[in-house]
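Let the sequences and hints guide you as you build the complete structure.
Each chain, written out:
2 protein chains.
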Amino acid sequence: MTVTIIGIGLIGGSMALTLKERKFAHTIIGVDANAQHAEKALELGIVDKILPWKEAVSQSDIIILATPINVTERMLPGLLESCTHQVVLDVGSTKQTLCETINDNTNRKRFVATHPMWGTEFSGPQAAISGAFDQKATVICDREKSDPDALELVENMYRALGMHIIYMTSSEHDLHVAYVSHISHITSFALANTVLEKEKEEDTIFGLASGGFESTVRLAKSNPSMWIPILMQNRENILDVLNEHIAQLRKFKACLEKENYEYLGELINRANEIRRILK
Amino acid sequence: MTVTIIGIGLIGGSMALTLKERKFAHTIIGVDANAQHAEKALELGIVDKILPWKEAVSQSDIIILATPINVTERMLPGLLESCTHQVVLDVGSTKQTLCETINDNTNRKRFVATHPMWGTEFSGPQAAISGAFDQKATVICDREKSDPDALELVENMYRALGMHIIYMTSSEHDLHVAYVSHISHITSFALANTVLEKEKEEDTIFGLASGGFESTVRLAKSNPSMWIPILMQNRENILDVLNEHIAQLRKFKACLEKENYEYLGELINRANEIRRILK
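Residue numbers (the numbering used here), protein chains in the order written: chain Z, 231 to 509; chain V, 231 to 509.
Misleading hints may appear alongside valid ones.
All copies of an identical chain are treated as equivalent in the list; a pair is satisfied when it fits inside any one copy or across any two copies.
Using 27 Å as the maximum straight-line C-alpha spacing, the simulated DSS-like pairs for lysine-lysine come out as follows [as the list claims (entries may be wrong)]:
1. 366 to 428
2. 488 to 375
3. 488 to 451
4. 375 to 270
5. 375 to 339
6. 428 to 481
7. 483 to 428
8. 284 to 250
9. 451 to 250
10. 339 to 284
11. 284 to 375
12. 428 to 488
13. 483 to 270
14. 279 to 250
15. 451 to 366
16. 270 to 284
17. 270 to 339
18. 284 to 253
19. 250 to 428
20. 483 to 279
Read the hints as simulated data drawn from the structure, not as lab findings.
What follows is the structure, encoded as C-alpha cells:
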C-alpha cells in the first residue's frame with residue numbers, strides 16, 4: 231500500500247511512522263508546503279520521498295490530509311476531483327463545514343471524514359511519535375456518504391494504528407468536540423494569559439509551578455495557525471459551551487464572595503463526578 | 231531521627247516512605263484521626279507504629295503536620311505548647327492565617343511553615359508514592375521566625391526528599407499559590423461542571439476524551455475536604471485571580487462573537503508565551 235500524507239506535522243508524521251512500522255504502508259510519500267518540514271521529515275525517515283501533491287496522488291492508494299483545517303478545506307475539492315480509484319481522508323478537528331464543502335463533489339464517495347482523538351501541544355515533523363494513537367478513539371463521520379470499500383480501507387488503517395472507531399454525524403461530532411477538546415484549549419489559553427497578566431514575578435511561577443498548573447496550562451502552548459481555523463469553524467458550539475463555562479466559574483466566584491461554603495462544597499462534589507467518566 | 235507524621239495521606243505518606251528509604255528517619259510514627267487510614271498506613275509499611283499525638287510528640291525529633299489546613303490550624307497551637315525541644319512543620323497550601331494563629335505562641339520558634347509543591351488528585355495512604363518530591367520546589371515561609379536549628383533540620387529534611395527550597399513571606403506565598411495552583415483547581419472544577427451540565431451523552435465524553443481534556447479536568451477529581459479550607463483561607467487572592475480569569479475568558483468570547491480573528495490570534499500568541507516559563 232502506498233500512502234500519501236499531506237502535511238507532515240505532529241499528526242501526519244505520527245501516522246506515517248506507525249503505518250510504516252506496522253507494515254500497513256510499504257511506501258509513504260510526503261507532501262508539505264513548508265520546504266523545511268518536508269526536508270526534516272525525509273531526514274527523520276518519516277517519509278520515503280517528497281513529491282508535489284498531484285504526482286503523489288497518482289502514485290497512491292490512500293491520501294491523508296493532515297493540514298490545518300482551513301488548508302484542508304481549500305485543498306479537498308480539487309484533490310478529490312483528481313482521484314481515480316484512490317481514497318482520501320482528513321484528520322481535522324471540525325467536520326461540518328468541510329463535509330458541506332464537498333457535498334456535490336463527483337468523487338464525494340472516495341472521501342472519508344475522520345478525526346483521530348490524539349494530539350499534543352507540539353507541532354512539526356520533529357514532534358511525531360510512533361505508536362501515539364494506540365488505544366485512543368477515532369471518529370468517522372457520515373459514513374453512509376463514503377463508498378463501502380473506501381470506508382473499509384480507512385477502518386483497517388485506523389485498526390492498524392491501534393485505534394477504536396466511533397461513528398457519528400459531522401454535526402454531532404462538532405458539538406461533542408466543543409466540550410471535550412475545544413473548550414479545554416480556550417480555558418488553557420485564558421489561564422496562561424491570566425497568570426502572565428497578573429503574576430509579574432516570572433521566576434516565581436517557574437519555581438512554584440507544580441503538576442497541577444502545568445497540566446491545566448499545557449494546552450496554552452498550542453499553535454494559533456492550527457487553532458484559529460478550528461475556533462472559527464466551530465464558533466457556535468464553542469460559544470455555547472464557553473457561556474456555560476463562564477456561568478459555572480461565576481458560581482464559584484459567588485460562593486467565595488458570599489462565603490457560602492456549603493454551596494461551594496456542592497459544586498466541588500458535583501465536579502468530582504467526572505471521576506465516573508474519567509477513570 | 232524519629233519523625234511523627236500527623237495525617238498519613240497522600241503528602242504525609244509520601245514523605246514517610248521517602249524519609250525512611252533515604253535513612254533520614256529510622257522510625258516513623260503515624261497519627262491519624264481516621265482509624266482506617268492509620269491501619270492501612272501500618273499495613274502498607276508507611277509507618278512503624280500508630281500512637282495518639284501526645285505520646286508521638288514526646289518520642290519524636292520532628293513532627294510533620296500533614297492534615298487538611300483547617301485541622302492544622304486547630305491542632306498547631308496545642309501541639310507547639312507540648313513541645314520541649316522538638317521541631318514542628320506543616321505542609322499546607324496556605325500560610326498567612328496559620329502563621330498569624332501562632333504569632334504569640336511561646337514555642338513559635340520551634341515551628342517552620344512550609345509548603346512542598348507537589349500533589350496529585352488522589353488522597354489517602356494508598357495514594358502515597360516514594361520519591362514523589364524529587365526535583366520539585368518547596369517553600370519555607372517567614373524563616374526568621376524559626377530557631378536556626380529548627381530551620382536547619384527542616385532544610386535538611388527537604389534536601390533528603392530531593393527538593394530545592396524557595397524562601398518567601400507567608401503573604402507572598404499565598405498570593406503566588408493563588409496563581410499557580412488554586413486557580414487551576416477552580417478552573418478544572420468549573421470545566422467538569424460545564425461538561426457534566428451540557429453534555430448528557432456521558433459515553434461520548436468517555437469515548438472522545440483525549441489527552442487535552444483529561445489533563446485540564448484531572449484536578450476536578452480533587453477532594454472537597456482538602457480544598458474548601460484552602461479556598462476559604464486564600465479567598466481574597468483567589469477572587470482577584472478569578473476575576474482576571476473571567477475577564478480573559480470574556481475576551482475570547484468577544485472575539486468569537488464579533489468574529490475578530492485577528493485579536494483572537496493576538497490572545498493565543500500571548501498565551502503561547504507561557505512556553506518561556508513552562509519548558
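How the hints compare with the structure:
1. Taking the shortest alpha-carbon separations for residue 366 and residue 428, only the inter-copy value of 23 Å comes in at or below 27 Å, while the best intra-copy value is 37 Å.
2. With identical chains, the CA atoms of residue 488 and residue 375 are never at most 27 Å apart, being 54 Å at best within one copy and 34 Å at best between copies.
3. Proximity of residue 488 to residue 451 under the C-alpha cut-off of 27 Å is restricted to the inter-copy arrangement: shortest distance 24 Å between copies versus 35 Å within a copy.
4. Proximity of residue 375 to residue 270 under the C-alpha cut-off of 27 Å is found in neither arrangement, the shortest distances being 36 Å within a copy and 57 Å between copies.
5. In this assembly of identical chains, residue 375 and residue 339 lie within 27 Å of each other by CA distance solely inside one copy; the values are 6 Å within and 75 Å between copies.
6. Taking identical chains as interchangeable, the C-alpha atoms of residue 428 and residue 481 lie at most 27 Å apart whether they share a chain (22 Å) or sit on different chains (16 Å).
7. In the homo-oligomer, the alpha carbons of residue 483 and residue 428 lie at most 27 Å apart both inside one protomer (18 Å) and across protomers (20 Å), since each shortest distance falls under that limit.
8. Taking identical chains as interchangeable, the C-alpha atoms of residue 284 and residue 250 lie at most 27 Å apart only when both belong to the same chain, with a minimum of 22 Å there against 66 Å between chains.
9. Proximity of residue 451 and residue 250 under a CA criterion of 27 Å is satisfied in neither setting, with 29 Å inside one chain copy and 39 Å between copies.
10. With identical chains, the CA atoms of residue 339 and residue 284 are at most 27 Å apart within one copy only, with a shortest distance of 19 Å there and 77 Å across copies.
11. Taking the shortest alpha-carbon separations for residue 284 and residue 375, only the intra-copy value of 24 Å comes in at or below 27 Å, while the best inter-copy value is 74 Å.
12. In this assembly of identical chains, the alpha carbons of residue 428 and residue 488 lie at most 27 Å apart whether taken from the same copy (24 Å) or from different copies (26 Å).
13. For the homomeric pair residue 483 and residue 270, neither the shortest alpha-carbon distance inside one copy (48 Å) nor that between copies (37 Å) is at most 27 Å.
14. With identical chains, the CA atoms of residue 279 and residue 250 are at most 27 Å apart within one copy only, with a shortest distance of 13 Å there and 57 Å across copies.
15. When the C-alpha separation of residue 451 and residue 366 is checked against a cutoff of 27 Å, the pair qualifies both within a copy, at 22 Å, and between copies, at 22 Å.
16. For the homomeric pair residue 270 and residue 284, the shortest alpha-carbon distance inside one copy (21 Å) is at most 27 Å, but the shortest distance between copies (66 Å) is not.
17. Neither within a single protomer nor between protomers do residue 270 and residue 339 lie at most 27 Å apart by alpha-carbon distance, with minima of 34 Å and 60 Å respectively.
18. In this assembly of identical chains, residue 284 and residue 253 lie within 27 Å of each other by CA distance solely inside one copy; the values are 24 Å within and 67 Å between copies.
19. Within a single copy, residue 250 and residue 428 get their C-alpha atoms no closer than 48 Å, and across copies no closer than 40 Å, so neither meets the 27 Å cut-off.
20. In this assembly of identical chains, residue 483 and residue 279 lie within 27 Å of each other by CA distance neither inside one copy nor across copies; the values are 56 Å within and 43 Å between.
Checked against the numbered hints given earlier, this structure breaks hints 2, 4, 9, 13, 17, 19, 20; the rest are met.
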